[in-house]
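Trainee: Letter by letter, the chains look like this.
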Amino acid sequence: MSLKIGVHGLTSCYGCQLKMASVKEIINIARNFDIKYWYMISSKGEIEHVDIAFVEGSVTTKEDERELKIIRENADILVAVGSCAIHGGVQGILFGEEYEKAFKEVYGDKKIEYEAEISHPIKNFVEVDYNLPGCPPEEDEIIYYLATFALGSYPEEKDYPVCSECRRNGYPCVLIEKNDCCLGPLTVAGCNARCLKYGISCIGCRGALEEIAWFDSLAKTFKEKNMGEEYVKSRMEIFGKQYEKMEEMLKKVFENED
Amino acid sequence: MKIERSIRNDHIARIEGKAGIFVKIGEEISAKINVTEGPRFFEVITKGRRYDDAVAICPRICSFCSIPHKLTPIEAVENALKIEVSERVKKLREILYLGNMVESHILHLLLFAIPDYLGYPDAFSMTKDHPELMKIGLEIKNFGVFIQELIGSREIHPENAVVGGFGRIPEIKHFYKIGEMAKNILQNATAIVEFFTEYEYPSYVNLARNHLAINPYNGYGVYGEEIKTTDDLTFHVSLYKEHIKENVESYSFAKRGEYKGKPFMVGALSRLVHNNKFINGTAKDLLSEYKKFLTPENPFANNFSQAIEIVHFIEKIKEFAEEIKIRKEEIVKPTEKSGAGCAVTEAPRGLLIYEVEIKDGLIEYMNIITPTAMFLPMMEIDIKNMAKGLWEEGYKDTDLIGKKVEMVMRAYDPCISCSVHVIKL
Numbered sequence: 001m002s003l004k005i006g007v008h009g010l011t012s013c014y015g016c017q018l019k020m021a022s023v024k025e026i027i028n029i030a031r032n033f034d035i036k037y038w039y040m041i042s043s044k045g046e047i048e049h050v051d052i053a054f055v056e057g058s059v060t061t062k063e064d065e066r067e068l069k070i071i072r073e074n075a076d077i078l079v080a081v082g083s084c085a086i087h088g089g090v091q092g093i094l095f096g097e098e099y100e101k102a103f104k105e106v107y108g109d110k111k112i113e114y115e116a117e118i119s120h121p122i123k124n125f126v127e128v129d130y131n132l133p134g135c136p137p138e139e140d141e142i143i144y145y146l147a148t149f150a151l152g153s154y155p156e157e158k159d160y161p162v163c164s165e166c167r168r169n170g171y172p173c174v175l176i177e178k179n180d181c182c183l184g185p186l187t188v189a190g191c192n193a194r195c196l197k198y199g200i201s202c203i204g205c206r207g208a209l210e211e212i213a214w215f216d217s218l219a220k221t222f223k224e225k226n227m228g229e230e231y232v233k234s235r236m237e238i239f240g241k242q243y244e245k246m247e248e249m250l251k252k253v254f255e256n257e258d
Numbered sequence: 001m002k003i004e005r006s007i008r009n010d011h012i013a014r015i016e017g018k019a020g021i022f023v024k025i026g027e028e029i030s031a032k033i034n035v036t037e038g039p040r041f042f043e044v045i046t047k048g049r050r051y052d053d054a055v056a057i058c059p060r061i062c063s064f065c066s067i068p069h070k071l072t073p074i075e076a077v078e079n080a081l082k083i084e085v086s087e088r089v090k091k092l093r094e095i096l097y098l099g100n101m102v103e104s105h106i107l108h109l110l111l112f113a114i115p116d117y118l119g120y121p122d123a124f125s126m127t128k129d130h131p132e133l134m135k136i137g138l139e140i141k142n143f144g145v146f147i148q149e150l151i152g153s154r155e156i157h158p159e160n161a162v163v164g165g166f167g168r169i170p171e172i173k174h175f176y177k178i179g180e181m182a183k184n185i186l187q188n189a190t191a192i193v194e195f196f197t198e199y200e201y202p203s204y205v206n207l208a209r210n211h212l213a214i215n216p217y218n219g220y221g222v223y224g225e226e227i228k229t230t231d232d233l234t235f236h237v238s239l240y241k242e243h244i245k246e247n248v249e250s251y252s253f254a255k256r257g258e259y260k261g262k263p264f265m266v267g268a269l270s271r272l273v274h275n276n277k278f279i280n281g282t283a284k285d286l287l288s289e290y291k292k293f294l295t296p297e298n299p300f301a302n303n304f305s306q307a308i309e310i311v312h313f314i315e316k317i318k319e320f321a322e323e324i325k326i327r328k329e330e331i332v333k334p335t336e337k338s339g340a341g342c343a344v345t346e347a348p349r350g351l352l353i354y355e356v357e358i359k360d361g362l363i364e365y366m367n368i369i370t371p372t373a374m375f376l377p378m379m380e381i382d383i384k385n386m387a388k389g390l391w392e393e394g395y396k397d398t399d400l401i402g403k404k405v406e407m408v409m410r411a412y413d414p415c416i417s418c419s420v421h422v423i424k425l
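Chains as they are written, first to last, in the numbering used here: chain Y, 1 to 258; chain W, 1 to 425.
One or more hints might be untrue.
[What the hints assert, rightly or not] Below, a list of computed lysine-lysine pairs in the DSS-like style, where the Cα atoms sit at most 25 Å apart:
#1 W/K90 to W/K173
#2 W/K173 to Y/K24
#3 Y/K101 to W/K404
#4 Y/K101 to Y/K178
#5 Y/K62 to Y/K158
#6 W/K128 to Y/K44
#7 Y/K4 to W/K82
#8 W/K135 to W/K292
#9 Y/K197 to Y/K158
#10 W/K32 to W/K396
#11 Y/K44 to Y/K24
#12 W/K337 to Y/K178
#13 Y/K223 to W/K333
#14 Y/K197 to W/K173
#15 Y/K178 to W/K333
#16 W/K91 to Y/K36
#17 Y/K36 to W/K404
#18 W/K173 to W/K328
#19 Y/K233 to W/K47
#20 W/K91 to W/K277
#21 W/K90 to W/K325
#22 W/K359 to W/K241
#23 Y/K36 to W/K135
#24 Y/K197 to W/K177
#25 W/K91 to Y/K225
#26 W/K396 to Y/K233
#27 W/K245 to Y/K197
#28 W/K128 to Y/K36
#29 Y/K245 to Y/K158
#30 W/K82 to W/K359
#31 Y/K104 to W/K403
#32 W/K337 to W/K325
#33 Y/K197 to W/K404
#34 W/K90 to W/K396
#35 W/K183 to W/K135
#36 W/K333 to Y/K62
#37 W/K388 to W/K32
#38 W/K404 to W/K91
#39 W/K90 to W/K337
Note that these hints are calculated values from the structure, not bench results.
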């Protein structure tokens, strides 16, 4: 019996689903699963019980919230896919008053029939079993997650930073050599330091690590390079505004005197 | 007796993003597209951030057109800060852009539109009966992906393209491969064009309309700085606010465009209507053979136009890849810290406009107008006319009418995520 899966999108750019759909061997891979629901790709199907539900996107409307709860009730395993689902996404930058202001600025006093709210990660509403990080996730990780589930096992999330992948690949360090504010040391690995291969500093799109490994040396480097806390913070906020440990992490990085 | 029916689908399958259609049929017929996907305020998010961070955020508006949402703001920022990049960088950007165009078009046709034509709920079930069609389509897609990964660093959210150039310019050997791949998939693309010539367009949606498209720099392409209209106006992108207005309706999170107070169309069909004289090579032959399918008044011609564009752009990419000379280049740094600039390009779904104001390296103001926001009102009119036509012809099955109006929507290839990034005017 093949595993029953559902693929869902809340509010996002739909890139995680597009990445899943454009995995090179998708047609062969799809044969091994019973796809019950994938509305971006298929007009068949209602939400029904599945073994695994993959959810892309953040919750930004009451309708998103309602739909997410139905998805959870009908799934044995729920996987949050991508930065919007896991951390609220770039749209999660607007918070509290900033959000109210933005809404007014854009729509004026015009009433919209649907209720919109601040962009939240899905874990604020339902229990999440696994996170598949990335903006969008990498092809090999998508296959790894699907394969482990198909084998009756489970995927292990990475607990080391992009920085270590970059070192392993021997790319020049853009933080030290080019004075670029690289978030590689703070960001979850798995992309094989894709941007660093191109000499582009990490913007942190995969989300921050639960624990930071080398904050002492990192703080020293940021300091030596004259990168202020404010700028590092504004860069970290792009993908991590709602990351609970942000303040703690920044404190570790910047308050650690010599 | 008064007959009233309504067709409501709150969440249309096989489109990018989340939108519903609500059609009312009776003495009066009306159609509304409810964009229910939540707003994402990109213009506000980017405010106060460094321009290089801001242009890295923009692609997140939409995955299907993340390359246009990177390269267009980059150009607007470069115009604002008077950065002049080399011809080589411009050419590389164009190849990257066209690679995205080819991928976006084929994915839309293969996964979203063609299942309707053949009567399947999705491409997976279609594959069982039409494996060859799927195979040739996916080969075209892989070609687009290869280009985007090579030049952009990845197919979705390309980080290698930055203000002032590229992080790293790929080696020449890869461009030989692009040329070879292009040669091999050209016949696939021709077959896709021929697929669409086997169907007649429904005449219910025939309606004269205004098409807006770019006045391209060199031949048929995506770059330019002027916009052309069907009523023979040509205006510079910096004057866009004088000509294109946007409104809010209470039933939708997306804003809605109008030109001279009226709905209009943008996209592959609009480009071909205005610029078909620049089409050359195999695509030109196909276009003259199947001329009757290029009908400015019928939105179904948009799918045919996308297929023609795939052929044209594959040949164009091949030509560029063969003539490009590769050399290492440093990223050009700005000499100015403040300024204002505009840029327009042709995204897969039509005109995409970015306007920025930068002060001391930080974004003061950003405005984005996406193609889907521009054509939404026109799409509503076509949906209404489709329902009306079928109803008056005697079709009373709401399921069938529902399916047909969805086909109208998919002909446009709407990008809902784009339309609700939210525009401020």
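Trainee: Are the hints correct? Go through all of them and say.
Mentor: Structure-based check of all given hints:
Among the hinted pairs, W/K90 with W/K173 is consistent with the structure: their alpha-carbon atoms are about 19 Å apart, no more than 25 Å. At roughly 22 Å between alpha-carbon atoms, W/K173 and Y/K24 fall within 25 Å of each other, so this suggested pair holds. A threshold of 25 Å between alpha carbons decides the hint, and for Y/K101 with W/K404 the separation of about 40 Å lies outside it, so the pair is violated. At roughly 37 Å between alpha-carbon atoms, Y/K101 and Y/K178 are farther apart than 25 Å, so this suggested pair is violated.
Under the criterion of a C-alpha separation no larger than 25 Å, the hint pairing Y/K62 with Y/K158 is inconsistent with the structure, at around 32 Å. Distance restraint check for W/K128 and Y/K44: the Cα-Cα separation of roughly 16 Å lies within the 25 Å cut-off, and the hinted pair is therefore satisfied. Only pairs whose Cα atoms come within 25 Å are accepted, and Y/K4 paired with W/K82 is rejected, the gap being roughly 54 Å. Among the hinted pairs, W/K135 with W/K292 is inconsistent with the structure: their alpha-carbon atoms are about 28 Å apart, more than 25 Å.
At roughly 20 Å between alpha-carbon atoms, Y/K197 and Y/K158 fall within 25 Å of each other, so this suggested pair holds. About 19 Å separates the Cα atoms of W/K32 and W/K396, which keeps this hinted pair within 25 Å; it holds. Between Y/K44 and Y/K24 the alpha-carbon distance is near 23 Å, which keeps this suggested pair within the 25 Å criterion. Proximity of W/K337 to Y/K178 is assessed by CA-CA distance (about 20 Å); at most 25 Å being required, the pair is judged to hold.
For the given pair, Y/K223 sits about 24 Å from W/K333 by alpha-carbon distance, which is consistent with the 25 Å threshold. A hinted pair counts as satisfied when its Cα atoms are at most 25 Å apart, and Y/K197 with W/K173 qualifies at roughly 18 Å. Restraint check for Y/K178 and W/K333: satisfied, since their Cα atoms lie roughly 13 Å apart, inside the 25 Å limit. Our distance criterion of 25 Å between C-alpha atoms is broken by W/K91 and Y/K36, whose separation comes to about 44 Å.
Of the supplied pair hints, the one linking Y/K36 and W/K404 holds, its CA atoms being roughly 24 Å apart against a limit of 25 Å. Proposed proximity of W/K173 and W/K328 is supported: the alpha carbons are some 14 Å apart, at most 25 Å. Under the criterion of a C-alpha separation no larger than 25 Å, the hint pairing Y/K233 with W/K47 is consistent with the structure, at around 15 Å. Our distance criterion of 25 Å between C-alpha atoms is met by W/K91 and W/K277, whose separation comes to about 22 Å.
Distance restraint check for W/K90 and W/K325: the Cα-Cα separation of roughly 12 Å lies within the 25 Å cut-off, and the hinted pair is therefore satisfied. Between W/K359 and W/K241 the CA atoms are separated by roughly 22 Å; this keeps the pair inside 25 Å, and the hint holds. Distance restraint check for Y/K36 and W/K135: the Cα-Cα separation of roughly 23 Å lies within the 25 Å cut-off, and the hinted pair is therefore satisfied. Straight-line distance between C-alpha atoms of Y/K197 and W/K177 comes to about 21 Å, which keeps the hinted pair within the 25 Å bound.
Restraint check for W/K91 and Y/K225: the C-alpha separation of about 35 Å exceeds 25 Å, so the hint is violated. Proposed proximity of W/K396 and Y/K233 is contradicted: the alpha carbons are some 59 Å apart, above 25 Å. A threshold of 25 Å between alpha carbons decides the hint, and for W/K245 with Y/K197 the separation of about 43 Å lies outside it, so the pair is violated. Taking the CA atoms of W/K128 and Y/K36, the gap is about 17 Å. The hint holds against a cut of 25 Å.
Of the pairs offered as hints, the one joining Y/K245 and Y/K158 holds, with about 18 Å between alpha carbons and a cut-off of 25 Å not exceeded. Restraint check for W/K82 and W/K359: satisfied, since their Cα atoms lie roughly 13 Å apart, inside the 25 Å limit. The suggested pairing of Y/K104 with W/K403 is violated, with an alpha-carbon distance near 37 Å, which exceeds 25 Å. Between W/K337 and W/K325 the CA atoms are separated by roughly 31 Å; this puts the pair beyond 25 Å, and the hint is violated.
For the proposed pair Y/K197 and W/K404, the alpha carbon gap of about 47 Å is over 25 Å, so the pair is violated. For the suggested pair W/K90 and W/K396, the alpha carbons sit about 54 Å apart, so the restraint of at most 25 Å is broken. Proximity of W/K183 to W/K135 is assessed by CA-CA distance (about 16 Å); at most 25 Å being required, the pair is judged to hold. Our distance criterion of 25 Å between C-alpha atoms is broken by W/K333 and Y/K62, whose separation comes to about 45 Å.
Distance hint between W/K388 and W/K32 is fulfilled; the C-alpha atoms sit about 14 Å from each other, no more than 25 Å. Taking the CA atoms of W/K404 and W/K91, the gap is about 41 Å. The hint is violated against a cut of 25 Å. Under the criterion of a C-alpha separation no larger than 25 Å, the hint pairing W/K90 with W/K337 is consistent with the structure, at around 22 Å.
Hint check: violations occur at hints 3, 4, 5, 7, 8, 16, 25, 26, 27, 31, 32, 33, 34, 36 and 38; the rest are consistent with the structure.
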